[in-house]
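The primary structure of each chain is shown beneath.
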Amino acid sequence: MSVAVRSIGAAIDRVEGREKVTGEAKYAYEHSPPGFVYATALQSTIAKGEVVGVDAEAALAVPGVLGVLWHEDAPRLHEVSDAELEILQSPRVAYRGQIVGAVIAERYEAARQAERLVRIEYSEHPHDVLLRADHPGFYEPEKVNPSYPGRTEEGDFDQAFATAEVTIDRTYETPAEHNNPMEPHASVAVWREDGITVYDSTQGASSVQDIVAKAFGLERERVRVLSAHVGGGFGSKGTPRPHVILAVMASQAVRRPVKLAVTRQQMFDFTGYRTPTIQRVRLGCDRQGRLSATAHAVYEQSSTIREFAEQTATPTRMMYSGENRRTSHHLTRLDVPTPSWMRAPGETPGMYALESAVDELAIAAGIDPVELRLRNEPEVDPETGHRWSSRSLVACLREGAERFGWIPRHGASRGPRNGHWLTGTGVASSVYPARRRPSEARARLEPDGGYVIEIAAADIGTGARTALTQIAADALEVSPGEVRVDLGDSGYPTAPLAGGSMGTASWGSAVVKACRELRATLARGDTPGLPVEAHVDTGAEVQGDEALARYAFGAQFVEVHVNADTGEVHVPRAVGVFAAGRIVNAKTARSQFIGGMTMGIGMALHEESLLDLRFGDYANHDLATYHVPSCADIEELEVAWIDEHDPHVNPIGAKGIGEIGIVGTAAAVANAVHHATGIRFRALPITPARVVGRVSR
Amino acid sequence: MSAPPPVHAEVTLTVNGLRHSLVLDTRTSLLDLLRERLDLTGSKKGCDHGQCGACTILIDGRRANACLALAVAHDGARIETVEGLAGEDGELHALQSAFIEHDAFQCGYCTPGQLCSAVAMLEEIQRGWPSAVTGEDPVAPTRAEIRERMSGNLCRCGAYVNIVEAIADVAEMP
Amino acid sequence: MRPFDYHRAADPRAAVAAVARRPEARFLAGGTNLIDLMRLGVEAPELLVDVSRLGGGRIAETEAGGLLIGASVRNSELAADHRVRDDYPVLAQALLNGASGQLRNLATVAGNLLQRTRCLYFQDVTKPCNKRSPGSGCPAIEGEHANLAIFGHSEHCVATHPSDMAVAMVALDATVHLEGPSGPRTTPLIGFHRLPGDAPDRDTVLHHGELITAVELPPLAAARRSLYRKARERRSFAFALVSVAAALELDRGEVRDARVALGGVAHVPWRATRAEEMLRGGPLTEERAHAAAEAELAHATPLRDNAYKVPLAHRLIVRTLLDVAERP
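Protein chains in written order, with the working numbering: chain A, 1 to 697; chain B, 698 to 871; chain C, 872 to 1199.
Treat each hint with caution, since some may be false.
Unchecked claim - Label-pair distances were calculated between CB atoms; the ranges are:
1. B:ASP834 to A:GLY419: 14 to 22 Å
2. B:GLY787 to A:ARG222: 38 to 46 Å
3. A:ARG694 to C:GLU1026: 26 to 34 Å
4. B:ASP757 to A:ARG132: 50 to 58 Å
5. B:GLY787 to C:PRO1059: 53 to 61 Å
6. B:ASP834 to A:HIS645: 45 to 53 Å
7. A:PRO572 to B:ARG824: 23 to 31 Å
8. B:ARG840 to A:GLY539: 47 to 55 Å
9. B:LEU719 to A:GLY53: 36 to 44 Å
Keep in mind the hints are simulated off the structure, nothing from the lab. Note that the Cβ used here is the ideal one computed from N, Cα and C, for glycine as well.
The following block holds chain A by itself, in its conformation from the complex (with noise of 0.2 Å):
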């Protein structure tokens, strides 16, 4: 049963945009409980090995110091799931930056200044950081994340192969990139003997909830984690950061609230990163450009610490047809930090390579590009053979290429020179999973009137205060402006995460079930008076979905410009069409799709983390020497999207926005910027350094 649609659609304005346009919206570390005092975390400055001892007398020394954590006097730690969070438990480094311990200090000041002063004695072993095909450890991982198998395989690949009339067979690179949203982790931590309180950024206030609890062995209920307001994620808060342990771990040594943010410089060290990549793809196809041989070959990082295994090669399973199919993972586990989520995971990296790889194959077999991927849509999902809930890649396609004038091409063609611009277009899908999770939800109806929905869920600028305020006030039947969303706050039902681009879906299908079962009631009579409230969860009712392949498809158009003298590439403007089931927020899903593209313009042209082999860490570690897109870097960014109703994937009919925008982007831009200068750049970023020698004045 779906909504009936009334305020769903419409482009109001962000709920919480006063509050943060007037500085009232508090993050993370803005909170300021009686007596807090500051921590700051000490990092490893060897990539492996063990910490043999501290000397802490200096930094004790310092006026207003009030402790130093280490591995041999920090609180021991219950259960964690997660080895990267199982911070001052043991002597072992595992990369280099890793938290090995802590100062606390009444100032802030001081707690700087006491950091540098603490002498850490370490045993160093030889160390192994560096990502190169030909590592000789590399293993295929069982699973991929979150649980797709790590290879698969349809038909015979190599024998298809073998006999496609026009084939490519190419490896790209990725580097690693980093997340940096603009407001750094920050955990303010308040222990006490009955619980533990946590203003954190984060985004997902139930995740964080469970951990802490576990970890300090402490019933679920006696933890509380609050982040109303969070300053961005990209998915590096996905996942409790060892920050977090560490504010805890601190509040508990000393007895008082501890505030602890993490610099932007540590933020290149332990809040996670995206794996780089070397990605084999091998596409064949017929005269027509029909695929039917298709192999993408990932080989990725994790650490020595646990395995994240990023499953990259997931799009090539589903992305077009074809008979002939193989994908599988390569991990080999280096002295490194684990990497973790960041925007499109997967998707991201695996379909630079595979757009890229696409468009090679089109100017392989002569066939204008756009064209070449309307001749491989696929029936049904080629690895599942289930049916898909929706999918409009064509439609994406042909509305892109219109609003943007494509011009078919054949074959290798070169973008029209101006002066000494060489100017090119590109083109690259864009896919992502659409999914949904269980979650809980709570609908009351308060003495004044008012709606109130609350559910532990996060806005981490997604625009989910506001998506969800416009979702409930459809199932209530009433306007958005009597229905509060309060969010970010543990105390309310338990919600999954803000990422996988499943937060509407899954914290929208609790709603709506929540306010259908309060209406209801309210319809029934028998209360006996105000408040009157709903509590649900979806956990059945998600359980029971029908197995259909859902996803959101795109389509991105991109022209660039490439100063034949510096070998800079500007993007003066791009296009991009999305259809990603019903858009809830005309004005905030735009700001969804724009914040996708302008970060994968950042990955095709600027981001890079640069890894450091003597010292084994990433060198590049602030903004000045990080590049991420800059305003003077985005002009022209147009965005539509292709109405779908799917009533398969829940029942609002919305499919993810938060990642789907900057999936392609990165192709896109590569396979204009061939098109400007006839070169083919299978390394990102595409920078001055690496276009100035190959292209002719």
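Got chain A; can you put chains B and C on it based on the hints?
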């Protein structure tokens, strides 16, 4: 073993029209003073090294990175922060309204810096200050000018196109 | 950051005296680099002597017809000054291509000249660096050096000077006015910054306690026909990969005077004198611009990962010269 004790100095500042006299550790940045001592947490710490612009405030009417400004060195200064942009009756500054209208932010963390930067930036254009993209013509608030001049304020959510439109709207650009 | 005393000097001589008597004292002006480095632990002064209010915030015309720019003139003010924009456009452009609007409002002329390198190792106190701690080694030579020097580096240091403004000023033959413990002196900006040699910890020829009080620009016919071009990894708010400051004085189509300086290529703002020599005394043709670029870059000694800067500098020199020549 002894460590040098903190050095304190008295500093007087006017912040959003209110005069404050405080004794501060000389190491205190204007940003930490605002956030940790005056409970004005609207100005954000995104990098603490002048590389992101989230801490942008107005010092004596000019935009500046509060993270790189020592409070003690700005004794006597007139400071304005995002908290001071709206009128006393709560009426939003035109840029604040335009940011909401154009959805010129997502997470909101860079927003106070963007707003302070934009307020001063439009004034710089009015004053005739050039930018790297200014040609021979008199300075005018074109979109290209806004993009260049706002580049000291990073936005990782990628709201730039909306930020530019919000500012263009206030600058009454077609 | 370690605690420090803060002192606001009454005049330049008092400031000099205050710093000169304490080896761990530093002058503070805009603070945009010093505070940054103190927070990183690269600088740890015991005393900051604030020189930002010494009345060095004026730009005056000299009797010779040039400009005397006070040390604490903010970068944004200097870039907006009409005399600078009209008579030394390369300088205004260089300033506007550096940093961000808000940084330019804090940063001063003197501070800009004294910026430290952005070499990744210099800025990370957990790693060795000969510039930061002499004798500890230079990991950049074998490590990350894609944006470091192609000219004038040594086995001890391959850092680059990060300033844009200084590149333009070097092309304009600026003079630095100093106040020191033994009185005032002036020194040409060319030669003010040092090549690293075996003492990369010394960026400039300044002695401890010497204070920049002003920068003087001479009257220069070529300066009116000048341009600054900068190649970088993003379109704004990024340090130069390579930048070019170029100025030409043309006389009936012949180059009478040519000024070319490069940024992002050396431990100093690099005056391309070989290129200049090639340009003088003939028409500014594309061929001759190439020959000039070649004359300079033939002496480049790129490192493993920064050889791209050679063609980049070459092309940027040629393009900038051709564009300068077309200016009215």
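Results for each hint:
no.	hint	verdict
1	B:ASP834 to A:GLY419: 14 to 22 Å	holds (20 Å)
2	B:GLY787 to A:ARG222: 38 to 46 Å	holds (39 Å)
3	A:ARG694 to C:GLU1026: 26 to 34 Å	holds (31 Å)
4	B:ASP757 to A:ARG132: 50 to 58 Å	holds (54 Å)
5	B:GLY787 to C:PRO1059: 53 to 61 Å	holds (58 Å)
6	B:ASP834 to A:HIS645: 45 to 53 Å	holds (51 Å)
7	A:PRO572 to B:ARG824: 23 to 31 Å	holds (29 Å)
8	B:ARG840 to A:GLY539: 47 to 55 Å	holds (49 Å)
9	B:LEU719 to A:GLY53: 36 to 44 Å	holds (41 Å)
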